[in-house]
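Enquirer: The lines below spell out each chain.
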Amino acid sequence: MIDDIRVGVLIASSSIKRGNKKTLLFIVFVLSLIFMNLVFLPSMIGGMTVLFTGIMQDYPYGDIVIEPTGDNTYINNADNVLQKVRAVEGVRAATKRLDVGASIEHKQNVVGVTITGVIPTEEYEISQYPYIIKEGDFLGELSRDEIIIGSIISGTSTTFGEIYDDLGETRVGSLVDVTYSNGVKRTYKVKGIMEGNFELVDLNAMVHYKEIEDVYGLDKGKATSVVVRIDEPGTEDEMKAKIREAGVNEQVFTWADKSETLIRQALQSLGAIDVMSKFVGLIVGAALILIIIYINILNRKKEIGILKAVGITPRSIVLSYAFLSMFYVSLGIFAGLILYLSLMFYFQANPVVFYETMEIRPQIDVMLVIQSIVTMLTLSVIAGTLPAWSVSKESILKAIWGR
Amino acid sequence: MIKVKNLKRYYGSGSTTVKALNGVSFEINKGEFVAIMGASGSGKTTILRILALLDDATSGEYTIRGLKVSSLPEAERSYYRLTQVGYVFQDYALINEMTAAENVYILSMMEGKSKKESYKVALEALEKVGLKDKHDRIPDELSGGEKQRVAIARAIAKKPDIMFADEPCANLDTRNSEQVLDVFKDLNDNYGQTIVMVTHEPWHVKYVDRVITFKDGVMVGDEWVEDR
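As given, the protein sequences belong to chains A and B, one line each in that order. According to the working numbering, the first sequence is numbered sequentially starting from 51. According to the working numbering, the second sequence is numbered sequentially starting from 300.
Just so you know, the hints here were simulated from the structure itself, not pulled from any lab data. In this text the structure is predicted, and so the values were computed from the model without any measurement. Check each hint, because a few of them may be wrong.
To be verified - Calculated cross-link-like contacts (lysine-lysine; reagent style PhoX-like; alpha-carbon spacing at most 25 Å):
#, chain 1, residue 1, chain 2, residue 2
1, B, Lys412, B, Lys431
2, B, Lys433, B, Lys414
3, B, Lys458, A, Lys67
4, B, Lys431, B, Lys415
5, B, Lys431, B, Lys367
6, A, Lys292, A, Lys308
7, B, Lys307, A, Lys443
8, A, Lys448, B, Lys329
9, B, Lys414, A, Lys67
10, A, Lys448, B, Lys431
11, B, Lys505, A, Lys67
12, B, Lys318, B, Lys302
13, B, Lys329, B, Lys505
14, B, Lys307, B, Lys318
15, B, Lys329, B, Lys367
16, B, Lys458, B, Lys484
17, A, Lys67, B, Lys412
18, B, Lys302, B, Lys514
19, A, Lys67, B, Lys419
20, A, Lys134, A, Lys292
21, B, Lys433, A, Lys443
22, A, Lys352, A, Lys134
23, B, Lys307, A, Lys67
24, B, Lys302, B, Lys414
25, A, Lys443, A, Lys352
26, B, Lys458, B, Lys419
27, B, Lys433, A, Lys71
Stated by the list, open to error - Example chain B residues on the side facing chain A (calculated, C-beta under 7 Å, incomplete):
#, residue
28, Asp390
29, Ala392
30, Gly411
Glycine included, C-beta positions come from ideal geometry on N, C-alpha and C.
Kindly produce the complete structure, drawing on both the sequences and the hints.
Expert: Given below as structure tokens:
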């Protein structure tokens with residue numbers, strides 16, 4: 051067996067050293083594209099997933115969200131919860147919110163919405179809401195008769211304009227009538243229109259926290275959620291445990307826990323596309339690798355016949371093509387990795403833009419890259435071994451004659 | 300050394316059967332330099348391929364040094380080709396991506412010798428055919444005669460019992476043909492190498508001991524060359 055390996059290596063290495071360099075370059079180029087095909091689309095899908103989950107963090111849930119236990123509508127001691135949370139090491143900021151149902155009316159157009167009561171000054175450190183005001187301004191500490199509405203509700207969304215009901219071109223300064231779920235009616239002046247190009251944001255409205263307290267006659271310190279941002283992204287689970295340890299007895303979720311239920315369908319769809327693209331990529335890649343190596347071996351059929359005729363064992367011949375095939379594929383993977391990383395860096399700097407503002411930056415999935423490398427190397431062994439084995443089983447004279 | 304008895308090789312079946320060999324019997328002794336001659340299609344190359352275990356006979360038997368090689372399994376035939384038989388092809392059959400030395404020493408490596416030892420064996424064989432100084436050339440950098448001499452070096456490096464050569468001068472001019480035949484003669488005269496060579500050139504006869512003549516798949520002549 052050792053002699054077979056030594057001879058196999060000699061045949062493969064001489065073929066690499068003195069073979070046609072243009073053919074080698076072409077094979078490596080095609081193999082690098084096959085590698086790209088395996089990893090690029092999943093990276094883009096990964097980028098989309100991160101974008102969607104990023105929206106969850108930047109708007110409704112922060113890094114960690116605390117919600118009432120059981121059937122309770124409110125956290126009764128939200129200020130106490132906030133105090134405990136802010137004392138936890140690693141917490142960057144926290145705020146309370148009050149979400150309520152309401153309908154908004156403007157010039158006989160009525161739209162049902164969720165209105166969130168926020169403490170405006172705290173939101174700057176918690177969410178992106180203050181930074182996505184496309185017309186007017188965000189709420190201030192004294193904004194009691196003012197409202198922020200999403201661009202879809204206002205009828206100014208360029209992305210979702212045709213899909214949802216709206217108030218018909220509401221502008222900054224327009225007066226809108228809000229009827230809360232408890233029947234209380236208030237009139238507000240539109241202070242700003244926010245646009246995040248995401249339904250969860252653009253279909254909402256926002257008023258001052260105290261306004262909701264007032265409308266619902268709530269005692270001080272009630273909230274429907276406490277939203278927390280942490281110093282180190284990626285340590286959400288650890289921070290969740292720390293918050294619990296700090297004595298918070300309400301329900302504590304990470305953004306991932308919440309996103310999973312809210313955008314599970316979207317993520318599942320993306321996951322299905324991801325799996326399909328990987329599967330198709332694998333089939334196409336396997337077929338191409340087999341074709342390339344098979345054609346390469348067919349062109350060397352005479353050589354295989356000669357080697358057999360002079361007494362080289364079929365095992366050595368098969369091994370030599372397995373080595374050769376692994377070498378081609380390794381170079382292809384290397385070239386593919388360079389191409390892939392170059393594209394990744396390019397798209398990090400120049401993200402793909404959807405709906406004018408949604409920037410998708412592809413994500414490098416190290417496990418996927420490793421899986422693709424292992425897959426291609428495995429395929430290379432099969433692709434090199436099978437045709438060489440088949441040719442080496444043929445009659446010597448037929449192989450030499452190239453039949 | 301070689302005994303061939305009623306050997307037949309048919310291609311196809313029924314009315315389209317081609318009888319390339321139709322009952323051939325002869326013996327070749329150790330140290331002989333034999334030429335197999337005949338017109339195109341006479342069966343001379345077919346018999347050589349069968350003797351060198353590159354092809355199978357339809358019927359009949361042949362033995363080399365008493366061993367019935369015709370019935371060996373493929374793995375043993377491969378080993379036999381590697382260790383006992385040297386074969387020189389008409390079109391050299393060298394591996395184009397290997398140097399002259401590599402073309403030769405790959406067989407020694409296959410036999411289990413170290414690379415260094417194999418290289419030494421290859422250089423000795425190339426020296427015998429006058430190509431030691433061109434050991435690092437690839438076939439494309441050699442003339443037709445030189446390529447054929449590398450092929451001979453490959454065949455003799457393993458010191459085979461018998462060397463078969465299938466029209467080794469077919470693609471060579473007279474000068475190169477003489478060089479190749481001189482190498483064969485030297486191997487036969489000085490090393491006692493048994494050589495069986497297929498040729499259709501009458502002037503090659505002066506190099507050999509014996510001429511076996513084929514016609515239409517049967518042996519029609521077996522003569523000793525007296526004034527070699």
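Enquirer: Decide, hint by hint, whether the structure agrees.
Expert: Now for the hints, and whether the structure bears them out:
1. Of the pairs offered as hints, the one joining Lys412/B and Lys431/B holds, with about 20 Å between alpha carbons and a cut-off of 25 Å not exceeded.
2. A threshold of 25 Å between alpha carbons decides the hint, and for Lys433/B with Lys414/B the separation of about 19 Å falls inside it, so the pair holds.
3. At roughly 29 Å between alpha-carbon atoms, Lys458/B and Lys67/A are farther apart than 25 Å, so this suggested pair is violated.
4. The suggested pairing of Lys431/B with Lys415/B holds, with an alpha-carbon distance near 16 Å, which does not exceed 25 Å.
5. With a C-alpha separation of about 37 Å, the suggested pairing of Lys431/B with Lys367/B is violated against the 25 Å cut-off.
6. The straight-line distance between the Cα atoms of Lys292/A and Lys308/A is roughly 18 Å, inside the 25 Å bound, and the hint therefore holds.
7. Between the alpha carbons of Lys307/B and Lys443/A the distance comes to roughly 24 Å, so the proposed pair stays at or under 25 Å and holds.
8. Between Lys448/A and Lys329/B the alpha-carbon distance is near 31 Å, which puts this suggested pair outside the 25 Å criterion.
9. Among the hinted pairs, Lys414/B with Lys67/A is consistent with the structure: their alpha-carbon atoms are about 18 Å apart, no more than 25 Å.
10. Distance check on the hinted pair: Lys448/A and Lys431/B sit about 33 Å apart at the alpha-carbon level, beyond 25 Å; violated.
11. Distance restraint check for Lys505/B and Lys67/A: the Cα-Cα separation of roughly 43 Å exceeds the 25 Å cut-off, and the hinted pair is therefore not satisfied.
12. Note on Lys318/B and Lys302/B: the hinted pairing holds, with a Cα-Cα distance of about 21 Å set against a maximum of 25 Å.
13. Restraint check: the Cα-Cα separation between Lys329/B and Lys505/B comes to about 19 Å, which is no more than 25 Å; the hinted pair holds.
14. With a C-alpha separation of about 8 Å, the suggested pair Lys307/B and Lys318/B falls inside the 25 Å cut-off, and the hint holds.
15. Only pairs whose Cα atoms come within 25 Å are accepted, and Lys329/B paired with Lys367/B is accepted, the gap being roughly 17 Å.
16. At roughly 15 Å between alpha-carbon atoms, Lys458/B and Lys484/B fall within 25 Å of each other, so this suggested pair holds.
17. Restraint check: the Cα-Cα separation between Lys67/A and Lys412/B comes to about 23 Å, which is no more than 25 Å; the hinted pair holds.
18. Proposed proximity of Lys302/B and Lys514/B is supported: the alpha carbons are some 20 Å apart, at most 25 Å.
19. In summary, the hint linking Lys67/A to Lys419/B is supported, as the alpha carbons are separated by about 22 Å, within the 25 Å threshold.
20. For the hint linking Lys134/A to Lys292/A, the alpha-carbon distance of about 10 Å falls within 25 Å, and the restraint holds.
21. For the given pair, Lys433/B sits about 34 Å from Lys443/A by alpha-carbon distance, which is inconsistent with the 25 Å threshold.
22. The suggested pairing of Lys352/A with Lys134/A is violated, with an alpha-carbon distance near 80 Å, which exceeds 25 Å.
23. Between Lys307/B and Lys67/A the alpha-carbon distance is near 44 Å, which puts this suggested pair outside the 25 Å criterion.
24. For the hint pairing Lys302/B with Lys414/B, the CA-to-CA distance comes to about 36 Å; that exceeds 25 Å, so the pair is violated.
25. At most 25 Å may separate the alpha-carbon atoms for a hinted pair to count; Lys443/A and Lys352/A meet this at roughly 13 Å.
26. Among the hinted pairs, Lys458/B with Lys419/B is consistent with the structure: their alpha-carbon atoms are about 14 Å apart, no more than 25 Å.
27. Between Lys433/B and Lys71/A the CA atoms are separated by roughly 24 Å; this keeps the pair inside 25 Å, and the hint holds.
28. A least Cβ separation of about 9 Å between Asp390/B and chain A goes past the 7 Å threshold, and the interface hint is therefore violated.
29. For Ala392/B, the shortest C-beta to C-beta distance to chain A is roughly 4 Å, which falls under 7 Å, so the interface hint holds.
30. Below 7 Å, beta-carbon pairs count as interface contacts, and Gly411/B has one with chain A at about 5 Å; its hint therefore holds.
In the structure shown, a violation is registered for the earlier hints numbered 3, 5, 8, 10, 11, 21, 22, 23, 24 and 28, in ascending order.
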